[in-house]
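There are 4 protein chains.
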Amino acid sequence: MEGKTTMKGLAMLGIGKIGWIEKKIPECGPLDALVRPLALAPCTSDTHTVWAGAIGDRHDMILGHEAVGQIVKVGGDKVIVPAITPDWGEEESQRGYPMHSGGMLGGWKFSNFKDGVFSEIFHVNEADANLALLPRDIKAEDAVMLSDMVTTGFHGAELANIKLGDTVCVIGIGPVGLMSVAGANHLGAGRIFAVGSRKHCCDIAMEYGATDIINYKNGDIVEQILKATDGKGVDKVVIAGGDVHTFAQAVKMIKPGSDIGNVNYLGEGDNIDIPRSEWGVGMGHKHIHGGLTPGGRVRMEKLASLISTGKLDTSKLITHRFEGLEKVEDALMLMKNKPADLIKPVVRIHYDDEDTLH
Amino acid sequence: MEGKTTMKGLAMLGIGKIGWIEKKIPECGPLDALVRPLALAPCTSDTHTVWAGAIGDRHDMILGHEAVGQIVKVGGDKVIVPAITPDWGEEESQRGYPMHSGGMLGGWKFSNFKDGVFSEIFHVNEADANLALLPRDIKAEDAVMLSDMVTTGFHGAELANIKLGDTVCVIGIGPVGLMSVAGANHLGAGRIFAVGSRKHCCDIAMEYGATDIINYKNGDIVEQILKATDGKGVDKVVIAGGDVHTFAQAVKMIKPGSDIGNVNYLGEGDNIDIPRSEWGVGMGHKHIHGGLTPGGRVRMEKLASLISTGKLDTSKLITHRFEGLEKVEDALMLMKNKPADLIKPVVRIHYDDEDTLH
Amino acid sequence: MEGKTTMKGLAMLGIGKIGWIEKKIPECGPLDALVRPLALAPCTSDTHTVWAGAIGDRHDMILGHEAVGQIVKVGGDKVIVPAITPDWGEEESQRGYPMHSGGMLGGWKFSNFKDGVFSEIFHVNEADANLALLPRDIKAEDAVMLSDMVTTGFHGAELANIKLGDTVCVIGIGPVGLMSVAGANHLGAGRIFAVGSRKHCCDIAMEYGATDIINYKNGDIVEQILKATDGKGVDKVVIAGGDVHTFAQAVKMIKPGSDIGNVNYLGEGDNIDIPRSEWGVGMGHKHIHGGLTPGGRVRMEKLASLISTGKLDTSKLITHRFEGLEKVEDALMLMKNKPADLIKPVVRIHYDDEDTLH
Amino acid sequence: MEGKTTMKGLAMLGIGKIGWIEKKIPECGPLDALVRPLALAPCTSDTHTVWAGAIGDRHDMILGHEAVGQIVKVGGDKVIVPAITPDWGEEESQRGYPMHSGGMLGGWKFSNFKDGVFSEIFHVNEADANLALLPRDIKAEDAVMLSDMVTTGFHGAELANIKLGDTVCVIGIGPVGLMSVAGANHLGAGRIFAVGSRKHCCDIAMEYGATDIINYKNGDIVEQILKATDGKGVDKVVIAGGDVHTFAQAVKMIKPGSDIGNVNYLGEGDNIDIPRSEWGVGMGHKHIHGGLTPGGRVRMEKLASLISTGKLDTSKLITHRFEGLEKVEDALMLMKNKPADLIKPVVRIHYDDEDTLH
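Protein chains in written order, with the UniProt record's numbering: chain A, 1 to 358; chain B, 1 to 358; chain C, 1 to 358; chain D, 1 to 358.
Okay, chain A solo, but in the shape it has when bound (with noise of 0.2 Å):
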């Protein structure tokens, strides 16, 4: 970094166009870090942004939410940088929603209010709190996943509050669903319903723990769950893809007295749609959550463990890999174009002097 002022980031130029750009090194405050990526992964909803216009237009912005990086401005630590990065001292983390610091989703700033981590130097708000030492025994491709893909999906088996031995279905196995089939796994759950018809990510699903397949191209996912279940329906229901239609699919599938997790970002339409009668004429306690991840140091570290310790194996999601800061590009366009094999492509940056980086 010595001597450059600028760096180059692949940017959001305007709606559904994107571009290499060159920019000012972010100014770092007493409390942040600059940092250059180590591994990068490309994210649907970074589509989302781009080619839906999800969170409205954006001008050159740097893309990008996912990293493992090192620390270039103080000291050459390798670091898990998460998607989300709170203001810790606001009002909603205050209340225990740091995701929501200073705003709703306003945890969520990289590639959304400020730029991205697609670049060669990036700009992380409260380093010491948001920003976890990797461990030496887990690879930057891995530790890459929880960024953004382990901590949304787990984030959705701990709204649909999972207990003991409790049947779940999760709706929607992409990388954030398979996940959640992993979190539900991991909170103790018995049966476990994957709803998707990917052969792969069908057959990754029942490695991440999940015991039924259910294939929406085979009829009602409703229908083949109650029939699945004798007509009592599940315990907890995980939505993980879908749309704003989803929901009622849910409340129809569950039995009264549960919960209902979504971490789908819901991109289109007005309303959710929760049907008066199955949700008990409003009387039925099925609780509906959604939110977005929670973030920071601490949460990286815990599910950090969960690799550490073998117990999680987050390699299993990677099906493209590439070499070279360039090459997120082509990430990118993967994830946009969702080839049948795709799960979650991986850009690998190396250093000459990544190890001996002070």
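Hint data in this document are derived by calculation from the structure and do not stem from the laboratory. Possibly wrong hints are sitting among the right ones.
Because identical chains share one entry, a pair is satisfied inside a single copy or across any pair of copies.
Unchecked claim - Derived lysine-lysine pairs resembling BS3-like cross-links, with alpha carbons at most 25 Å apart: (1) Lys73 / Lys139; (2) Lys217 / Lys336; (3) Lys311 / Lys163; (4) Lys327 / Lys23; (5) Lys17 / Lys316; (6) Lys199 / Lys311; (7) Lys114 / Lys316; (8) Lys327 / Lys338.
Place chains B, C and D on chain A using the hints.
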């Protein structure tokens, strides 16, 4: 009861029709009790049942689910009868949801799928577990408010997960909503907005702990709430009135990281609409809860202790008083016609042997 | 059972003495069932009851509380019998503590204040609420581990309030402690320290999810734990062995803002000592929990689903196998004498009409 | 402050000795504030610190942790200063325990490991996150009760997990215990036993929601409580006084399936004794909690709203009033000597530019 084999009661004859009928006195199983009424109150849901056909058609089903009574078989004890009388061994009860024992809303038996309490005699299942002794220091009329109004209203505040010092909005201040105001206050709320318009209800709301009245006749309630809170919104919302569209208002007036608790019976509409954007595109942690009140003996005992200790005065809810079982018809028609000064009518029934029965 | 009026069972004759006795077959009330055993297991607490007089003197009380059986009145169903069979309508049950129904530990009836299951026939209260159907895909021997070992061990992990990625210490790895290790793992723990010394138990602990073994023969366990965690201590502790002094160790090895869950039966000592200073002079938020396992039908169904789905293998606990009711005496003596290779013995009883009984 | 570089404060000179000293005005980091006092109150723990050496020896450490003040750098805002000022990004804060940020009790900084508030100027870390604006409708004297007394007393009620209608016992009714009574009442308790003996405190306890006074001079408090509850005991206990032996009383007077919340600073004794038998031989679900109060801005705002809305009147706690910073010494000596009519003294400090400072 000696020698009698039948009893009269005020029944729904069919949708839109009520009348007094004569029925066989119910069988009394080994865990059950037969009870005669000491105080009765009609509920808005009785009028929905009859005139809106809200639970479908019923023929010759005796109405009513709010009662204080006296056990005639076997005993003489004066008891508070909860509207919700669970089957305590059922699957749902073991999972913590006794109000749904045997199926969604299954704890609600009176005037739903068995005869109600507007009758000379009524039957109570699992009597030891469901009937609470009427404390000597509480009048039957005041205690009958516990059967449904207090427990339901307070459950709204419980569902909204109220914490010390929270700013709360209670939408709807009929008798249940007033008890949600009181419940919010008993659970530690600071500022409480009560949304209503009738003068008498507004006055009583202030006595039960409301600090601000929001009159929907003065404009959009969401705008009024946001203005009164400097744009921040409230911490929690209790819905105790309105309809399926009320949830959208609740979502719009509440902070991220919050809870909405509904105890309003939603009689009409296909769907409850949750606005996608204000619900944080699925990720705002605006938890949505709706549930039938808990019932049973211990719930009644706990709430009765608030009256015994002088911390809750339910007599403020009672605006109209009647004497004699036959007057329950007048009380019910009052509930249907809702004059402006009505909050809740009560019917008191006296017996010569009320204090000597064994 | 045709024509028989008496049954034989292995009983505590008095403190320190056991023997086979002949007793009248129990009465069967309207909600009850009579059951014959298919699989039985003795528990360490049986040995405490007899030889330590832990619950006081008992005369001619049949022993045992771990059973899988077959209903002989009325049915033929094969069922899992929980050690804890609550009275579901009681005050404590309504408050969420069915294991204490009717008074502290009141859900524990078998071989405590009524005859146990080491008998030709035994009685079960509230049979529909307390007996779970034995799934066809689970062996009776494996299922009998659910009665007490699995549910108690897992409850220790529940009491310790384990969250995703927590570092946990489980003190004691007999059969209950091994199930606490498994329970901690099923609830999302990352690193799990298992404190024990017997080789076979340590090996099995690693298979159930432990990541580190702490052998108390190698020095003070608090020092070992602190050293292994760079002085930070653990997030949660489960106590499944030791004595009244074990709590001081737990308090010393745990972080502030944490939970200690005990499921160890404390047979001796006047007091449990909580060290004032390490407990934060009363203000360290080191929450101390200790509780009897939940029981009943739903609990058994939930835990059984972990076996059915292949997520929990209880057969690893079974080190010694016997055939025939009379062998329950040998099994019990084994439990008393505790050879080094013992984890848990099981007795299987076969009947000619096992698969045809109605 | 213009031109001044030093300030005077009332300090602990060593164990058993206090005096006024002159110190350098503290440095003010980028997130910090310097504040001058408007209202101060001494705490019993200040007397423990000095005369009992409860936190060890300290030299020239300015005392005091209860203050309302005015920011002199940078601002002029009048603010409530919590006794507990966490570091919000720390590991413990991220886990939900900010009062232990940086280590057990680490949120307690004033007069513990940095200078306290009995000073012309004091320093506050993370000022935006830790200081709450003093509402215009609350007097500084009333607000200073929020710094420690209200928040600590109420936290006792929170730790005891009080639910609607619970029967509660509060042991100790000094200022913290009185606020535990009020807190229990604000959280929905029904019957509240207050254990104390001083007439004035007992009277005030009744005004804050106690329904029964238990005077330990009239006999064993456990026996009195059991007698008053027909042998059932209470649902919850808050410990706000006594010593290490008080826990045994709490365990003996409480039902199984219950919670004990301690906020009493335990200054002496090696161990807290939990009686094995009454604690259900380790399995009675009598949960034991003890914790330092939460602090920070949002906590203060929430509790202040209870005063603003007229739901909590802290002025009843104030029995002695002083004017001028130098009188804090008299106030402290009063706290040490505890005359019978003392609950809490307050010192008010006025400035000429109090309403014009920017």
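Margin query: For each hint given before, does the structure comply? Return the numbers of the non-compliant ones in rising order.
Written below: Hints 5 and 7 not satisfied by this model.
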